[in-house]
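Undergrad: The hints should help you fit chain B onto chain A, whose structure is shown.
In order, the protein sequences belong to chains A and B. The first sequence begins at 1 in our numbering and counts up by one. The second sequence begins at 1 in our numbering and counts up by one.
Be a bit skeptical, because a hint or two may be false.
Stated by the list, open to error - Pair ranges (Cβ atoms, derived):
{"no.": "1", "chain 1": "A", "residue 1": "A66", "chain 2": "B", "residue 2": "S52", "range": "16 to 22 Å"}
{"no.": "2", "chain 1": "A", "residue 1": "H38", "chain 2": "B", "residue 2": "Y81", "range": "22 to 28 Å"}
{"no.": "3", "chain 1": "B", "residue 1": "L11", "chain 2": "A", "residue 2": "D6", "range": "20 to 26 Å"}
{"no.": "4", "chain 1": "B", "residue 1": "L18", "chain 2": "A", "residue 2": "S93", "range": "21 to 27 Å"}
{"no.": "5", "chain 1": "A", "residue 1": "L63", "chain 2": "B", "residue 2": "F78", "range": "34 to 40 Å"}
What the hints assert, rightly or not - Which chain A residues stay away from chain B? Per the calculated CB distances, all over 12 Å, these:
{"no.": "6", "residue": "M1"}
{"no.": "7", "residue": "D2"}
{"no.": "8", "residue": "A4"}
In short, the hints are calculated from the structure, not lab data. Keep in mind the model is a prediction, meaning the values are calculated, not measured. By construction, the Cβ of each residue, glycine as well, lies at the ideal position given by its N, Cα and C atoms.
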Amino acid sequence: MDIAFDIISWVCLLTGSFFCLTGGIGLIRFPEFFSRIHAASLTDTLGASLILIGLMFQAGFSLTLAKLIMILILSLIAGTTASHAMAKAALKSGMCPLDQVDRSAEGSVKSYKDKG
Amino acid sequence: MMYAITALTLLVVMALALARAFAGPTLYDRILAVNNFGTKTVLLIAVMDFLSGRPDFLDIAIVYALINFISVIGVLRFFEYAQQKTVEQAE
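The shape of chain A in the complex, shown without the other chains:
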């Protein structure tokens, strides 16, 4: 039973760190803000959940498990809300996702890229 829990926990930890690494690479490599927020927030939710669940399997029934569940709930609520607020603030400030820009408005894309 212990070995089964260990294996499940290792698989969860490894997949979680893989997703976190994917998010980090996406944060560096993607071309503009909205695709970056997509990469960062999606992988953040899944990676954090998997890592915390992997730790929960190691914790057993104790106070540690309750604290880990609290961190999980908190990070699920807070991460998604923060991503939503960031995307909304960026939209309000006049940034536009690349694929929603008209062909006729090519100039605005260029000016956004020039600013960067």
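TA: Only chain B this time, still in chain A's reference frame:
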């Protein structure tokens, strides 16, 4: 062993997020990178607890998650209102 691999991956991701925070073209890229850095810090604290075999610092992780969320929301509202004000002044 698994904890060490996870902690190492988290450190690499935090370095990538810091690179984006330094390089980020716009203000929101920087905020996104700092938020990502904060959530990865919470995970790193939790993993390091189990790595050292003494899970006593999870409270710090909870507090860090709360502070990270509040600070990101606060900074976002600050800049939202600041930019609205500049738009109104320009008009």
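Undergrad: So, for every hint listed, does it hold in this structure?
TA: The hints, checked one at a time:
Taking the beta carbon of each, A:A66 and B:S52 are about 20 Å apart, inside 16 to 22 Å as hinted. Checked against the hint of 22 to 28 Å, the pair A:H38 and B:Y81 passes, with Cβ atoms roughly 26 Å apart. Range check, B:L11 to A:D6: about 23 Å between beta-carbon atoms, so the 20 to 26 Å window is met. Hint check: B:L18 to A:S93, Cβ distance near 24 Å, so the stated range 21 to 27 Å holds.
For A:L63 and B:F78, the hinted distance range of 34 to 40 Å is satisfied, since their beta carbons lie about 37 Å from each other. Even its closest Cβ contact with chain B, about 18 Å, leaves A:M1 beyond 12 Å, as expected for a residue assigned away from the interface. Every C-beta of chain B lies more than 12 Å from that of A:D2, the closest at about 15 Å, which supports listing it as non-interface. Non-interface call for A:A4 relative to chain B: holds, since the shortest CB-CB distance, roughly 15 Å, exceeds 12 Å.
In this structure, none of the earlier numbered hints is contradicted; all agree with it.
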